[in-house]
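Peer 1: Now for the letters of each chain:
Number of protein chains: 6
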Amino acid sequence: MIPPWSDIVRHALMQDLGRGDLTTNILVPAKQKAEAVLIAREDLVACGLPVVAEVFRQLDERIRMLPEKPDGSGVCAGNTICTLTGPARGILTGERVALNFFQNLSAVATQTRRFVEKVEGLPVRIVDTRKTTPGLGPLQKYAVRIGGGNNHRQGLDDGVLVKENHLALAGGVREAVKRLRETVSHLMRIEVECETLEQVREALEEGVEAILLDNMDLETMRRAVAIAGGKALLEASGNVTLANVREVAETGVDLISVGALTHSAGSVDVSLRVTV
Amino acid sequence: MIPPWSDIVRHALMQDLGRGDLTTNILVPAKQKAEAVLIAREDLVACGLPVVAEVFRQLDERIRMLPEKPDGSGVCAGNTICTLTGPARGILTGERVALNFFQNLSAVATQTRRFVEKVEGLPVRIVDTRKTTPGLGPLQKYAVRIGGGNNHRQGLDDGVLVKENHLALAGGVREAVKRLRETVSHLMRIEVECETLEQVREALEEGVEAILLDNMDLETMRRAVAIAGGKALLEASGNVTLANVREVAETGVDLISVGALTHSAGSVDVSLRVTV
Amino acid sequence: MIPPWSDIVRHALMQDLGRGDLTTNILVPAKQKAEAVLIAREDLVACGLPVVAEVFRQLDERIRMLPEKPDGSGVCAGNTICTLTGPARGILTGERVALNFFQNLSAVATQTRRFVEKVEGLPVRIVDTRKTTPGLGPLQKYAVRIGGGNNHRQGLDDGVLVKENHLALAGGVREAVKRLRETVSHLMRIEVECETLEQVREALEEGVEAILLDNMDLETMRRAVAIAGGKALLEASGNVTLANVREVAETGVDLISVGALTHSAGSVDVSLRVTV
Amino acid sequence: MIPPWSDIVRHALMQDLGRGDLTTNILVPAKQKAEAVLIAREDLVACGLPVVAEVFRQLDERIRMLPEKPDGSGVCAGNTICTLTGPARGILTGERVALNFFQNLSAVATQTRRFVEKVEGLPVRIVDTRKTTPGLGPLQKYAVRIGGGNNHRQGLDDGVLVKENHLALAGGVREAVKRLRETVSHLMRIEVECETLEQVREALEEGVEAILLDNMDLETMRRAVAIAGGKALLEASGNVTLANVREVAETGVDLISVGALTHSAGSVDVSLRVTV
Amino acid sequence: MIPPWSDIVRHALMQDLGRGDLTTNILVPAKQKAEAVLIAREDLVACGLPVVAEVFRQLDERIRMLPEKPDGSGVCAGNTICTLTGPARGILTGERVALNFFQNLSAVATQTRRFVEKVEGLPVRIVDTRKTTPGLGPLQKYAVRIGGGNNHRQGLDDGVLVKENHLALAGGVREAVKRLRETVSHLMRIEVECETLEQVREALEEGVEAILLDNMDLETMRRAVAIAGGKALLEASGNVTLANVREVAETGVDLISVGALTHSAGSVDVSLRVTV
Amino acid sequence: MIPPWSDIVRHALMQDLGRGDLTTNILVPAKQKAEAVLIAREDLVACGLPVVAEVFRQLDERIRMLPEKPDGSGVCAGNTICTLTGPARGILTGERVALNFFQNLSAVATQTRRFVEKVEGLPVRIVDTRKTTPGLGPLQKYAVRIGGGNNHRQGLDDGVLVKENHLALAGGVREAVKRLRETVSHLMRIEVECETLEQVREALEEGVEAILLDNMDLETMRRAVAIAGGKALLEASGNVTLANVREVAETGVDLISVGALTHSAGSVDVSLRVTV
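Heads up: the protein sequence lines correspond to chains B, X, S, Y, W and G, in order.
Here my numbering is used: the first residue of the first sequence is 1, the next is one more, and so on.
Here my numbering is used: the first residue of the second sequence is 1, the next is one more, and so on.
Here my numbering is used: the first residue of the third sequence is 1, the next is one more, and so on.
Here my numbering is used: the first residue of the fourth sequence is 1, the next is one more, and so on.
Here my numbering is used: the first residue of the fifth sequence is 1, the next is one more, and so on.
Here my numbering is used: the first residue of the sixth sequence is 1, the next is one more, and so on.
Hint data in this document are derived by calculation from the structure and do not stem from the laboratory.
Take the hints with a grain of salt, since some may be wrong.
Unchecked claim - For each label pair, taking beta carbons as the anchor points, the in silico distance ranges come out as:
id: 1; chain 1: W; residue 1: Arg-179; chain 2: S; residue 2: Ser-185; range: 54 to 64 Å
id: 2; chain 1: S; residue 1: Arg-179; chain 2: X; residue 2: Thr-183; range: 28 to 38 Å
id: 3; chain 1: G; residue 1: Asp-269; chain 2: X; residue 2: Gly-207; range: 42 to 52 Å
Cβ coordinates follow ideal geometry from the N, Cα and C atoms, glycine included.
When you get a sec, could you build the whole thing from the sequences and use the hints?
Peer 2: Here it is in structure tokens:
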């Protein structure tokens, strides 16, 4: 399959290398070999090893990456994640770019794992949003899956989600859903973002398959669950944190979307050390 | 000048749009106009308005962006950052991508401003590192400047920084600096990363122009400043936080580099609301 | 919006022009102006005028295209479809490429219109397939809509259609649908291709939202409609022609997919003539 | 040699796959192997096997294609054209794109073969035109050769063909040919499109190497052959069909160009079936 | 028409600018305007002004270029070639790249003009070869035309020139020409490279349209002219200099090809000076 | 490492090949093998073998290149530089492009070697300038190093060189250097172009690290060396030839920049001959 990150890696390398790694090329002979390890500096869920491999492959096809903790493994601080062997130049040159990818993706997977663990045992899915870092969208959605979450839409073109601004411009829930039914592919479901219980009832009458409950409090969500009675999927959205995610899940909603999975995951601490 | 973010914006739009914004294209007529505002949901330093403008320009050249708080302005929660007017389709379609850029860049600028304010009055520069989000490097370095920081190298090709791994492979400070002097352009300065005061002394004897003090405690840094006596620029690096940055600055170093400016800035809260 | 055909047009021009139109560049002075018309040589449904405009725009921005019969109009043999004015070189150079696009897209729209007219008055949709000419997929799907048809999936990534080969590899309808439900986005419906009424029943029990009736005869389709009882959308597929499409529609299916809309539409007869 | 269809295949796959084959990736494990065959569903001349191989190679380098009927073979309905073995995912994912190419190219080769057989024994060449499907030009010209035809120009830059519109703008045959002789490379021949015998005479007097007889009836073509007396190649063009091509050939022209070879070849019926 | 040098200019600018002109951007305010002139420092034939304009257009669309001596003009040392006005930054930044193009193209045009003047009055054409600077081929061939020369082939794909190595591999002149006649487009002429008069006779018997006389002395060329008797174009090639070109022309050949027009033209002396 | 010349080679091949080498493809069977040698026709310093290898690798991966005289070797007229073995088609097709690169790069290396030999024994470096052939910059800078020279800046973005026009616009040496110190990275040195000894003194007072002595006579340069007293690197520039380079070096300057290394190196005589 066409590796989806090949171009992203190439761009990142081009931006960082420019005309080449001046320092390394002068100091390290072309023939020198090295071995290096990626080490976790805090507890984390590993994610991004295939991207790390691609970074080094593009720099020098002779560099080998041996994973010790494949994507999805929990890794404790101090443990080795993978080993790299091959020409020393490529290993030194690619260090920063490889870490930039791996640290962000592992942060997303780690953060997702925490949310998923909080709702363990309840019939609910943790889903991501489109609030991804520009350029890293597909990779971060992969990290969400690695962390145990599910993906909402991949982009604007593979799902119909009618948002507040759409409703304002289209003249309300009823009118919007009618227009969509006429043209949308018969393989698509329709989801509508609702701010009030009245909107929820209107959406149910129009037979939408999913309803996004926008920034509702716990009590209102409970009532929405009762009103829907299983006739549509309900998605809680807005201000969900590790502290309140279990309460939200206990209202009976089917999905909980969390923007923070991707947009505020930050970076976990990982380092690359030359061992030989 | 060739706008450096044109391609980055195009890639982000392509990833998010795929074959187009299904929902908007069905619900909103091509001729409908709209007005929308970008609103700060927390206190922040604005950064990224030219990128926001470029996102909407690529979607529809008729969309106009009127900045109210130009890049670098402090904005209080609830205030309007800019106004968008033009075809409604383009405004709805571009919302998420524009916010993804703006929220990250403003987070970088806001974070940088906090560090800069902490060291006010001291003769020290806050500088960034190459720990940027892949693909966003040049934009994040711009955000650092907007926040009042300075840029270290842009990439591997415009400065010589000899790091620990280089020293290990090249056989020590003396040998490394000698080799570099022979080949590096006469317009470049040489900086060496040191972990011990012994290395600092060795570097000074070789006449390097800058020394990176790697993860030293405050006392060791103070002694490095005394040893250097102004003969080389000193850069503090490693574990610098808002809590300790002023103490680090007071040791007398010339530069303090902070990876967190770019790699953990996260995202500030901003929303786009259709007003007409 | 990013014009989806800009790259397709560029490639077609590059293939045809190579280093430029030798004949025209020698014979026609750069400053000479011309006017030309696109004329229908048979009855047709016009489709592709924006692509024609793009072809000439890429060759010379000063060429203006005035549509007389916009996309979707029925045009009788002998009538003018649009007028082109501007530098003569660009008009002569772009003739063949512009016609190649317009003749194919109008053939698709014309063919689709014929099918749609055959089923007038019945509650059924004519839909296309992925059997498009390589490289022209999105344009031909646009032509289907212009002709009054609907689009099935745009590609493999925006809808779930379980085909015979999938069933063979996944171990039957039940097993396949179960695996899909676990991972597919909650905004997607599932369609299964069935060759027997037994498979239809199995699919209905699994609650799939749509069933493709693969190469069934009229009587079997009628019984499938009775079995489904409105609980899933039924799509007739295979060997549908202008001669039998109405009979197929009268079985009560909801959708009829016709590969011939795109893969055998051929080319309608249109010519470009310089008038001044 | 740079494979000329590598980019065309990549574009077709990107258009069809988008973010990947949702159905297959969920249903078929990455490690599952499969065998499949391409089967002719009507009599045809095979063409496009290297493109089929390239489609699957780009999806997964481990897929092997074993041709049974190489390009140019006559294949009877029901016979196997080639066998594919390797990872099942890639085989299912590439099916439609591979067939789209192969069905069109084989249709062109089959159509060409029919024309060539009609004129067997006569000293005449069947040649194509530039009326190709946008994006498929080079491949369709290859299919024409496989079917036993010859190629006219590849594009606007490798041959001089003065058409009616050129004559109108350049002031007639004489003037046009003179201007061309002055600048055109000494390795090019000049062909002029003539609608009347008078134009044919004028072109002969100017010493052109080839004359295109545009839409002339059989009798006029015979007289043109007599007038030319072997001093220039004559090319019959316009309204040539399988029904009249032999009569046209018997007028004594040297070349017969047939737009229908490429622009209306349509698609022959071929299917891919998983056998293991 | 697609400007053929747009990409070449873009590449040259990208290579030279990288991330921008450090020095200029710091020292010259964005709003500062300037005027500058291109001045000839030796006598030359001007060539490349549209490329100069494109260089500055890509840097800043507001820069205007006013030609004083259009391409093809003879310019004396000290004279102004064109004037540039607009933002000072763009003018300083583009100086080196613009001059690199202009100095090389004018050198080619100047060199060509010298050869053309040497053979004035004789019925012979000075033609170039494919010995161009990699990347500059089309521009240098334009410069040859500006200087009064003619172009041989543009590339390997628009003319048939059978060279010595081809003959060695194909089994001689007769065999080579026969195979070519069977497949080559009827719009192409065939030229054969001959080292002996025997080969010239063989080529004439096969009816080739042109013969390249490879490194023959003056006497042998004269005899080749006599043998050919006007039945084929003769091209002298090899070791032609300004000193001997007239003698070569007087042998009666039709074309003289000179590799030095492009591969050793070097660079004429031109400078850019800011005047305001 | 990403080979820096891969794209340059691809462009050169595309420009020369277009749709392929017509002649070779018809005359030489695909399976025919050949052996060929690159032979020096004059004394030279070899440079460009990796580029030659890349040219043939892109045409046919089976072609092997065996270097006999690696880059940097002195080669006498008549000697073999490398041997090529593999499919005959690729070898014939790539001949001209490979030679175009090799002849220019070897000319640069040969020319540089001559300058370097002239100053043997003196503590001075021969450096290049940005006066490179558009598109070949990085390769020519590589050739300079192969010839024993050093590189000045790679481009406008990796060094600060304040030129005469900058000084005119910035208000003199003092003002310019001050503004630069405020913003330039602490890893950069500053060089100023001076035309008078007064400017030299001013620059020294501002503590610049390097001074370019622009077109000064030998006596003035000697005085500049005395004034500088080792406090800044001095670079002689302007009108340096093989005839006077040693005298210039003897003034005591540290660097001598020679534009002619790259912009007028021309082309050394090399040929490719098929041996089997």
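Peer 1: Hint compliance check: list the failing hint numbers for this structure, sorted ascending.
Peer 2: Going through the list in order, the structure violates hint 2 alone and respects the others.
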